[in-house]
Amino acid sequence: MNLSQEALYPRPESAGPESRGTGYRDFAIIVALLAALRMALPFIPFPNAILPFLNFLLLIGVFLGTIFAIYRAMSEKPNPQLAILILLVGVFLQVAAISLANNIFGGKGFTSILFLAIAQTGLMIWCIGLGALISSLLREKNILIPVAIFLVGFDIFLVLTPVGVTQKLMKSHPGLLQQAGMAIPRATSQHHNVSNASPATAALVGPADLVFLGAFFLAMYRFGMRPKETMKIMIPVLIGYMILVLATGWALPALVPIGLVTLLVNRREFNLSKDEKASTIVLTLLVIGGLIFSATRKPAPPTEPLPSEPSATSSAPAGLPAPTSANQPQSSGQNAPQSTPNPQ
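Residue numbers (my numbering): 1 to 344.
Certain hints may be false.
Stated by the list, open to error - Keeping only pairs whose Cα atoms sit at most 30 Å apart, straight-line, the calculated DSSO-like set for lysine-lysine is:
#1 K141 <-> K77
#2 K232 <-> K77
#3 K232 <-> K298
#4 K228 <-> K277
#5 K228 <-> K298
#6 K274 <-> K141
#7 K277 <-> K77
#8 K141 <-> K277
#9 K141 <-> K228
#10 K298 <-> K77
To be verified - With beta-carbon atoms standing in for the labels, derived distance ranges:
#11 N271 <-> Q190: 49 to 59 Å
#12 A40 <-> L272: 46 to 56 Å
#13 I292 <-> L82: 23 to 33 Å
#14 F150 <-> P47: 30 to 40 Å
It is worth saying that the hints were derived from the structure and are not from the lab. Predicted model, so just to flag it, every value in this text is computed and none were measured. Note that CB positions come from ideal geometry on N, CA and C, so glycine has one too.
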């Protein structure tokens, strides 16, 4: 019996035509449910006995819903013009909502929680818009291989090497990811009234992870690859990755499982020429060599700023640090673990 490769690995249904509009509909339903959940949790006290199990379910549910929402939105194959509009709308919603929640309403109370939920919705919207724009730059499916390899290596460099900037940013600007990242809410046993409630956060997901997750899904749809099969593997892998982050407290690069799952599930879709295979090997070796070199470097020791002479036009004492903002949010999830600390 002579079976072709296509017979052994039939092309999935997800590569075929889809009902227009259902992807955006599903995305809107999921983000609305997530927003409602974020608004309700701060006002509901739960028994301590069920909190560990409940927060575990919240972790799985919110992360699963986020991945599936991005997957469904990308099934609509947004063009670059629509992607720009989606990006601008999402950025406006997030920036405006965070500003109102923190600067106008003080970061506490029902109105602040409402605007913070809107900000999280805006984050998901602009991430799919930017992901669609990035995906539109990919001219053919074989380019996914070097892109994924580079992103995996670059994320490891940023997060895990001594000279990576991520750890420095987390220490010098601890509120950066809190403001820009996707928050996974946490249930508590505390009772709050409407005026003093604030959201609790279990973990944070960097925007770059959502952006490239969307970019990869859209590329798979555009090139007739295996987005449905990739989604089915991606969800349990990323949920397991997040559980590992929470259990260990480590900051881990989430683009590593995103890139590897994309390449492994779609490995039979790629058809590289000899030159492309050679260049892929060279790129992989360069990435590995760069990571080894970076991992063996020592970060430069922090230096104390030298006292400066008082300025003739300023009455401030010399050598004082720059003032910090008094409006920095004090969320109970400020020190939540991050699945990836890319504040991109």
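Verification of the supplied hints:
Under the criterion of a C-alpha separation no larger than 30 Å, the hint pairing K141 with K77 is consistent with the structure, at around 15 Å. Pair hint K232 plus K77 holds up; C-alpha atoms about 19 Å apart against a cutoff of 30 Å. At roughly 40 Å between alpha-carbon atoms, K232 and K298 are farther apart than 30 Å, so this suggested pair is violated. Simply put, K228 and K277 have alpha-carbon atoms about 26 Å apart, close enough for the 30 Å limit, and the pair holds.
Between K228 and K298 the alpha-carbon distance is near 43 Å, which puts this suggested pair outside the 30 Å criterion. Distance hint between K274 and K141 is fulfilled; the C-alpha atoms sit about 16 Å from each other, no more than 30 Å. A C-alpha spacing of about 29 Å is found between K277 and K77, which places the hinted pair at or below 30 Å, so the restraint holds. Between the alpha carbons of K141 and K277 the distance comes to roughly 14 Å, so the proposed pair stays at or under 30 Å and holds.
The suggested pairing of K141 with K228 holds, with an alpha-carbon distance near 16 Å, which does not exceed 30 Å. For the suggested pair K298 and K77, the alpha carbons sit about 44 Å apart, so the restraint of at most 30 Å is broken. For N271 paired with Q190, a C-beta distance near 57 Å keeps the hint of 49 to 59 Å intact. At roughly 50 Å, the beta-carbon separation of A40 and L272 lies within the given 46 to 56 Å, and the hint holds.
Between I292 and L82, the C-beta spacing of about 42 Å breaks the proposed range 23 to 33 Å. Against the hinted window of 30 to 40 Å, the Cβ-Cβ separation of F150 and P47 comes to about 48 Å, which falls outside the hint.
Hint check: violations occur at hints 3, 5, 10, 13 and 14; the rest are consistent with the structure.
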